[in-house]
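Which chain is which? The protein sequence lines are A and B, in order.
Quick note: the first sequence, position 171, residue 335 per the working numbering, numbers continuous.
Quick note: the second sequence, position 30, residue 38 per the working numbering, numbers continuous.
Derived from the structure by calculation, the hints contain no laboratory data.
All residues carry an ideal CB built from backbone N, CA and C; glycine is no exception.
All the pointers check out, no bait thrown in.
Some but not every residue of chain A turned toward chain B, in silico, with C-beta under 10 Å: (1) Thr255; (2) Thr447; (3) Phe546.
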Amino acid sequence: MKQVLLALAGNQNSGKTTLFNCLTGSNQHVGNFPGVTVEKKEGHVLHHKEMTLVDLPGIYSLSPYTAEEVVTRDFLLDEHPEAIINIVDATNIERNLYLTLQLMELEIPMVIALNMMDEVRASGNTIHVEALAEKLGVPVVPISAGKNEGIHDLVEAVSNVVENNLRPMHFDFCTGEVHRAIHAIGHIIEDHAYHAGYPVRFAATKLVEGDEPTQKVLNIHENDLHLIDHLVEDMEKALGTDREAALADMRYQYIESLCSACVVKRGESREQLRSEKIDRVLTHKFFGIPIFIGVMFLVFFLTFEVLGAPLQSLLEMGIDALSRQTEQLLTSLSVTPWLSSLILDGVFTGVGSVLSFLPIIVILFFFLSLLEDSGYMARVAFVMDKLLRKIGLSGRSFVPMLIGFGCSVPAIMSARTLSSERDRKMTILLTPFMSCSAKLPIYGMITAAFFPHHGGLVMISMYLLGILIAILSGLLLKNTVFRGNPVPFVMELPAYRLPAAKSVLLHMWEKAKDFLKKAFTIIFLASIVIWFAQKFSFDLQMVENSADSILAKIGSFIAPIFAPLGFNDWRASTALITGFTAKESVVSTLSILTGAGTDAQLSLALSSIFTPLSSLSFLAFTILYMPCVAAFAAAKRELGSMRRALAGAAYQTAAAYIAALLIFQIGRLFV
Amino acid sequence: MTLDTLKPGESGIIVSVGGVGALRRHLLDMGLTPKTAVRVRKVAPMGDPIELFLRGYVLTLRKEDAANIVVEKENEK
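Please take these sequences and the hints and turn them into a complete structure.
Structure follows, in structure tokens:
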């Protein structure tokens, strides 16, 4: 059977993901578009194995400004999908049709999926679907993705436009001066557009708008460019407005007349009225922020305490039991010591550390998708925006950063919901500075040994230090790597909706699968490598004394690097290396290397390695330096390249070094 | 007057959209075009951004960006 490539395009909050899930079921493949960290989801349409559906990013326009818009354009123009499914939120039809008009200009067979029709009807409003379809010259199928209604008809309509190659034909939405300009330019560039594989109509419209990528692709002569500029100037003069406003205005004017003919509105929709009421409480001037803190506290409490901790210990018990049984088996088979150590200390530890993240990820993403799908996350961004703006981010980054205090892994993974690529990258880089819960044992170790009476103060200072470094890094990044215009914070606040169970569960499953599949190799390999370095010496003999291991030798070799920070000791530097597998390993490594059996002995041993001041700089370094391998793997996955992930880790380590250096050197002046 | 000076509950008609580049483009794409009716619904707890109602949906933007939009205040009905 002939393969058919379909593209799903639509606004954010139009129910696109829900429709994608309806159409493809759980059979999805998640990846990134080449070169950018924009998510690309692919799946086969249920009962239509020949149809591959690609979920394009949620966008409002085909402008060339955000990575999402560019990716969508490039995909539609270069990959030549056989058809576009354009999902339109019927409760918000005016703004949704704006993208529709631009998609039509691509002259690709298209079907409009008019979503949330159940809500339109429930509000007592009507949309004349047939009239709409006739005026647009594109088939329109009313659906309700949340209730799985109309999906069959939609697939049918798509098959039909693909089979008969039914391209959008009506372009009568352009009028007057703009129409004249588009037509005249169309004639000039016809051949160029043909050679570049661009639809003429789309190319001409984009040139009127002053779209630079189109100018480059079409490779137009200087003379023609002058002519085009001239035509546009004439248009601007005649309309008394500029090219960008002229086109936006024209499209919206057409949509207004279309809606007045096809949409019968009896007032504001029920959803809008309900949302306004809910917002009176949730974004209230005084209660808005306390409510948000309460919600997040509840999510943290349930994730890390009530549900996460027991599940984690259950998992650990299971792995322990399995490990003991394996140990018995290995002893009874009298397997060589190195092999049994590989299996027990290497493989089991590695698998164990991967799995220990799983309960938290699953539970946290259950709550996060509830917050996201219900519409509350957009309100959080609205309430918190002012705080993050100064460091070049928007309110959208607040929640990932907050989750960072629990665990960097889901925090980094949750950054994917940020709609701007720039914000996403910055958030992923800054989130690990939020001190995660795996670092708590390290605080405990240092404060017990050096600051038994000021534990709380030290802890709070370190948390604040992490936040301070994140803020400074944000300012630095904003003015260097991420210079240029941030994506404006112009965000829709969608109507509150009850999240669909299927979407929430799929989201959870997807995140868990994603983490296991992508993180497993890196975490597992790193665990094995560290195991090897811990158990063997350079002449590949298993070591009795851990001081002779490869790891200890590397630790001694790099120890002088930390002399300016006040701890030139091989045990400290070795602990920092093992901290890469999991932050809490810093504590266990230090106890092993100092031969301490109890906490009291460890405290005593630590005082031979650190002074109180150098213990602080060590603590600061440990809190800030590159995150554990699981977080690194998540960052690599979300940033889309090993190079970027390494650069991020290098930056974090450098920041940690500088902060610890300052603490020690400035502290020395006073102590 | 500009959009950021409207108080919660007040409405206006957009006269022109200023600014440059991506921001201006995005404002236009989101339906903030001349002659569109806009109502300010709310100001965020920390005093910024603001919440608007237009074209049947709710949009939020920062005051500094709203300052680029010239509006004509509608008289209370």
